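Please take these sequences and the hints and turn them into a complete structure.
2 protein chains.
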Amino acid sequence: MKNISIGLFGFGCVGQGLYQTLNQSKNFAGYIAKIGIKDPRKKRELPSHLFTTDALSIIEDPKIDIIVELIDDASAALEIVVSALKAGKSVVTANKKMVAENMQLLVDLQKETGNAVLYEGAVCASIPIIRTLEEYFGHEPLTEVKGVFNGSTNYILSRVFHDKLDYETALAQAQDLGFAESDPALDVEGYDAKYKLCILISHTFGLHVHPDQVLNLGIQRIKSADLEYASAHGWRIKLLGHAQRIEDKVYAFVMPRFVPINDNLATTENEYNAVVINGEFCDNQWFTGKGAGSLPTGAAVLSDVSALSYAYKYEYKKESHKENVFFSNDSPVKIYASFQSPEDVLLNDFDQVIEKYFSYDHCYVVGTICLNKLRTEIWQNNPHINVVLTADTLDNSLGKLCVNQLKVEIDELKKGQRLRKKLMLQL
Amino acid sequence: MKNISIGLFGFGCVGQGLYQTLNQSKNFAGYIAKIGIKDPRKKRELPSHLFTTDALSIIEDPKIDIIVELIDDASAALEIVVSALKAGKSVVTANKKMVAENMQLLVDLQKETGNAVLYEGAVCASIPIIRTLEEYFGHEPLTEVKGVFNGSTNYILSRVFHDKLDYETALAQAQDLGFAESDPALDVEGYDAKYKLCILISHTFGLHVHPDQVLNLGIQRIKSADLEYASAHGWRIKLLGHAQRIEDKVYAFVMPRFVPINDNLATTENEYNAVVINGEFCDNQWFTGKGAGSLPTGAAVLSDVSALSYAYKYEYKKESHKENVFFSNDSPVKIYASFQSPEDVLLNDFDQVIEKYFSYDHCYVVGTICLNKLRTEIWQNNPHINVVLTADTLDNSLGKLCVNQLKVEIDELKKGQRLRKKLMLQL
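So the sequence lines, in the order shown, correspond to chains D and X. Sequence positions in the first sequence follow our numbering and run 6 to 432. Sequence positions in the second sequence follow our numbering and run 6 to 432.
Keep in mind the hints are simulated off the structure, nothing from the lab. The structure presented is a predicted model; accordingly, all values stated were derived computationally and were not measured. Take these hints with a grain of salt, some might be off.
Same chains, same label: a pair holds when it works inside one copy or across any pair of copies.
[To be verified] Below, a list of computed lysine-lysine pairs in the DSS-like style, where the Cα atoms sit at most 25 angstroms apart:
| id | residue 1 | residue 2 |
| --- | --- | --- |
| 1 | Lys31 | Lys254 |
| 2 | Lys116 | Lys31 |
| 3 | Lys322 | Lys31 |
| 4 | Lys91 | Lys322 |
| 5 | Lys405 | Lys322 |
| 6 | Lys91 | Lys39 |
This is the structure:
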């Protein structure tokens with residue numbers, strides 16, 4: 006096997022994890038030839054001649070075989086990946102935001118240049134899900150992909166339920182332990198999980214859905230009354246990413262959900278992630294593992310580097326059938342919405358209200374509401390509203406018509422009938 | 006993509022599953038050209054010109070691209086696989102006994118002929134574990150592979166604990182539902198799980214261990230007193246396959262084990278299988294899915310057929326390091342052994358006895374005992390003895406020296422000291 010020389014960008018948590026796994030792995034012939042960094046003054050543990058701030062000198066170095074991009078900044082990451090592909094080099098990246106927001110571009114560029122972009126480390130770290138979807142389930146008619154995709158929020162929710170901490174204390178603890186970013190918005194508002202969900206959708210259904218199209222509601226507005234409500238019903242709350250195909254539509258969203266205590270999703274705790282897929286042949290498949298951390302993510306990156314060494318590429322096998330499926334937010338979901346005072350929530354937004362509870366300091370409604378409605382200003386930005394999917398939500402509502410949608414359709418139908426009458430009269 | 010023509014052997018449960026998944030899969034170009042069968046008089050749902058009893062005519066047909074072997078008989082299966090490889094054809098098989106008992110031969114023949122043998126369907130049906138070990142964890146220093154590998158016994162144990170059925174009733178129910186063979190020995194005595202474990206050991210540690218070397222104790226001797234003992238402690242009983250590397254030794258066995266109710270292994274129920282691996286980088290990884298059934302296994306076979314279409318082969322990446330690890334049964338394990346009367350069990354066989362209980366109709370001992378001792382006649386064949394690994398067994402005992410072993414070492418040490426004294430006197 007050729008001794009592969011790697012041009013690495015970024016030497017943070019994951020970059021150092023890659024360095025360590027490369028050194029400790031017994032049967033992989035590869036080494037880090039050069040490391041591109043932003044701040045040359047930062048103290049590093051490796052010899053200084055390995056580091057450079059000149060990105061192009063790495064990308065264009067003919068002695069460097071492949072590029073591994075492990076920086077935080079999504080637009081700088083995109084620039085590196087695009088330049089590397091155009092310069093004739095294949096790339097491994099773990100930047101989920103960059104991949105999710107530019108999937109179509111990356112697919113096109115891979116076809117154009119013949120070089121590969123692999124990004125297993127971008128989705129649930131050590132869980133080998135992208136390659137498994139591509140290779141193993143490439144011919145399986147998959148119907149669903151869902152799971153716990155964010156380790157930080159899962160750690161927070163585990164602490165909240167097990168140690169009875171309130172949300173703020175658990176978040177602070179997660180930050181102290183390095184599980185959450187100092188700006189935790191990406192994690193707790195569900196963006197990180199959404200990027201991963203979008204990447205999974207590409208490989209599950211062959212649809213490239215831009216993250217902007219997908220609803221994400223986070224865990225940042227959960228109140229202790231919500232936790233009590235969950236516990237009283239024998240439930241936990243988990244932040245779930247969910248994508249499901251029903252006939253020719255794919256519905257997807259990231260939302261907190263009530264999960265029965267004995268459900269395997271409820272027992273996925275702390276920094277662990279879970280990915281669940283369902284297919285017509287294979288039925289229900291679970292993958293669980295550490296979704297974050299220097300070594301688990303480093304090992305995922307190493308695995309991609311190894312795949313590049315034998316010229317592996319994603320084939321995007323499901324893409325050839327994407328003309329048959331469409332992304333849609335036109336579906337009701339059954340939610341629990343809690344809020345501070347009755348005027349916070351417009352009951353008219355619901356397709357159907359099943360339960361209502363109002364008291365001086367806590368109100369909630371259980372009912373069905375259209376995904377499109379949840380994407381509007383008031384539901385997105387009112388800090389007093391907390392939304393949690395009910396435990397039975399998907400069995401009941403997903404894939405049905407929203408009432409508003411139904412009204413439009415009825416109007417269309419009436420218009421059609423009038424038109425037909427008119428035509429009949431003319432005949 | 007080339008339209009691959011398949012020569013199929015066997016048209017039972019899995020063969021028909023492959024036929025169905027091939028037909029329903031939207032993006033796979035392949036078809037079954039010919040089916041080799043044993044009994045030409047049996048009524049079939051497909052046109053008769055597809056069937057033949059002449060195996061060679063399929064294997065040597067130049068219009069047939071690959072061979073898929075899905076028959077029950079392990080020695081006939083081996084003959085088909087060997088002939089096909091030698092005739093220049095790659096093969097997919099789901100025969101775990103044949104693969105496990107002939108791993109070294111199959112590896113050598115693949116190297117010799119340049120053709121491939123894939124056998125994902127042989128291990129836990131729809132769980133994509135072999136390919137994942139090969140490709141994704143090829144460079145990961147793995148330390149453990151374990152899990153619930155047999156759907157029939159897992160169904161029986163689920164019914165025993167959930168419906169409070171006794172063992173015989175649950176077995177009869179499993180047989181009625183087609184989950185267990187009419188001769189259930191292969192399942193309930195742990196042979197089926199052992200074949201899978203041996204195949205997993207090859208791809209996890211690069212060691213080809215013959216099934217005869219590995220201890221298997223089944224669930225057929227579990228008595229209601231054992232179930233009560235488990236329940237009283239808040240445990241379930243699961244039949245587990247387990248292989249673990251400790252320093253340069255790999256220990257492996259199939260045995261029933263007490264599992265705490267909240268352990269994920271305990272919540273793997275009915276015909277579901279679970280495979281758990283542990284690695285130095287990736288830490289703890291779980292894979293769960295249906296371990297049996299026509300479509301899940303058929304889909305696994307289809308996935309291998311698809312892999313052959315782009316010339317995929319197992320590389321046996323870990324094999325290059327096998328000189329560093331050795332298989333061993335020289336380790337104590339901590340067990341619960343129940344028996345009918347005190348003379349059934351030789352207390353002297355134990356390295357250490359921790360608990361003893363004797364009554365008129367039920368006796369048990371908890372203690373540590375060497376794996377090698379459990380492989381002797383009396384422990385294997387006495388129908389009155391039931392052995393279950395304790396819930397904490399592996400944390401405490403595996404990898405330590407057996408007491409017998411220890412005695413030898415002490416003798417050696419004493420000899421060495423005497424020798425040193427003698428040498429000192431001579432100086």
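Each hint, compared with the structure:
In the homo-oligomer, the alpha carbons of Lys31 and Lys254 lie at most 25 angstroms apart only across protomers (17 angstroms), although the nearest pairing inside one protomer, at 46 angstroms, exceeds that limit. Within a single copy, Lys116 and Lys31 get their C-alpha atoms only as close as 33 angstroms, which misses the 25 angstroms cut-off; across copies the closest is 22 angstroms, which meets it. For a Cα distance limit of 25 angstroms, the shortest separation of Lys322 from Lys31 across copies, 11 angstroms, qualifies, whereas the shortest one inside one copy, 33 angstroms, does not. Taking the closest pair of Cα atoms, Lys91 and Lys322 come within 25 angstroms of each other only inside a single copy of the chain (23 angstroms); across copies the shortest separation is 32 angstroms, beyond that limit.
Taking the shortest alpha-carbon separations for Lys405 and Lys322, neither the intra-copy value of 29 angstroms nor the inter-copy value of 49 angstroms comes in at or below 25 angstroms. Taking the shortest Cα distances, Lys91 and Lys39 sit within 25 angstroms of each other inside one copy (19 angstroms), while across copies they are farther apart (47 angstroms).
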